[in-house]
Amino acid sequence: MKPRTLLRGLAWLLLGTEVACQALATPPLPTLIPTEVLPTVVHLTAAALGEPPGTLTAAGTPSPTPTADPTAAFTPTATPTVGARQAPRLSPLPPSPTVLSIPWPTLTATPPPIPELGYVPYAPLQFLTPGEGSKVVSPIRVQFAVQARKVGRFQLALIGEDGRLLYRKVMRIPEGNREALLTYVLAVPFEIRAEVEQARLQLVAFDEQGRESFRTSLRLFLLRDGQPELLPGDVLLQPIVIQEPRRGQLIQGGQVFVRGLARPTNGMVEAALVTAEGKVIAYATGVVSTPGEDGYGLFTVTVDYQVTAPTWVRLVVREYDALPEGIRYLSSVKVLISP
Numbered sequence: 029m030k031p032r033t034l035l036r037g038l039a040w041l042l043l044g045t046e047v048a049c050q051a052l053a054t055p056p057l058p059t060l061i062p063t064e065v066l067p068t069v070v071h072l073t074a075a076a077l078g079e080p081p082g083t084l085t086a087a088g089t090p091s092p093t094p095t096a097d098p099t100a101a102f103t104p105t106a107t108p109t110v111g112a113r114q115a116p117r118l119s120p121l122p123p124s125p126t127v128l129s130i131p132w133p134t135l136t137a138t139p140p141p142i143p144e145l146g147y148v149p150y151a152p153l154q155f156l157t158p159g160e161g162s163k164v165v166s167p168i169r170v171q172f173a174v175q176a177r178k179v180g181r182f183q184l185a186l187i188g189e190d191g192r193l194l195y196r197k198v199m200r201i202p203e204g205n206r207e208a209l210l211t212y213v214l215a216v217p218f219e220i221r222a223e224v225e226q227a228r229l230q231l232v233a234f235d236e237q238g239r240e241s242f243r244t245s246l247r248l249f250l251l252r253d254g255q256p257e258l259l260p261g262d263v264l265l266q267p268i269v270i271q272e273p274r275r276g277q278l279i280q281g282g283q284v285f286v287r288g289l290a291r292p293t294n295g296m297v298e299a300a301l302v303t304a305e306g307k308v309i310a311y312a313t314g315v316v317s318t319p320g321e322d323g324y325g326l327f328t329v330t331v332d333y334q335v336t337a338p339t340w341v342r343l344v345v346r347e348y349d350a351l352p353e354g355i356r357y358l359s360s361v362k363v364l365i366s367p
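For the sequence shown, the working numbering begins at 29 and goes up steadily by one.
Derived by calculation from the structure, the hints in this document are not laboratory data. The reader is advised that the hints may include incorrect statements.
Said to hold, decoys possible - Label pairs and their in silico Cβ distance ranges:
#1 R247 <-> E305: 28 to 34 Å
#2 M296 <-> K362: 19 to 25 Å
#3 K197 <-> R177: 19 to 25 Å
#4 Q183 <-> L264: 16 to 22 Å
#5 K197 <-> S366: 38 to 44 Å
Note that CB positions come from ideal geometry on N, CA and C, so glycine has one too.
With the sequences and hints as input, model every part of the structure.
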């Protein structure tokens, strides 16, 4: 081989080796920033980018985790002073409610209701037989009951069509039977001139001063001859009930307001004030309303009076009968009237 050729090949070999070594060489590493200046660089970089700086730890240099010291005393940290507070924003109030005008119903005055039969007491004197409207012959077999605690002395009487007295018997309750309901059966004889005559059979109770305190009665047809026709008795309940005033009530001002129920005879009642001597010092009349299904109507009466001192009187309410003429029903209460 020629020396020139050998040198040329050696030159090419060296040139290839140098090129290969440059291709395999490691790229140069960036210059490391010292740790103590790293936060400053980060802060400047963040400020240049417009972002708030954060606390970063240099890569490759981990910060040691602080260890709590149990013996160290706790020092409270002062709360930073907050700037001027803004006034709280209040929510708008809801709109005021709309007041609605609701019309009240029109009230129409109505008469007070008539109490049922449960409010009507049994009468102190009660006819059991014969009944209202019976046709009877002499002697009449009369059966009646007496509430002894409400009655002291009483009488049974038969009044003829022209007002004459056909029969009367006065009786007194025995002292030992004051709480009993006593039943009596009596034979009542009579004499009439006509074939048929209307009559009134009545029971009357009296108080200690001899004033009438209660009366009930029946209308009968008296037959001189013939076959009697007896109807069942139905006069067991009190025919007149005084609801106001109450027994023993003190009344002042010169007026007594009377209210109650009645089985109407002629549509009228009379209220009177009777003294212990039997003198009527005041009276007034009132109308009985149309009766209900129980047969009772409502009445109201105002009695004006004049007295100079407190006075016990018996307030009597009575209904009159036309034929025979006279009192048919009567009820009463004792009251104290004062100027």
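Query - Unsatisfied constraints (hint numbers, rising) - result: none
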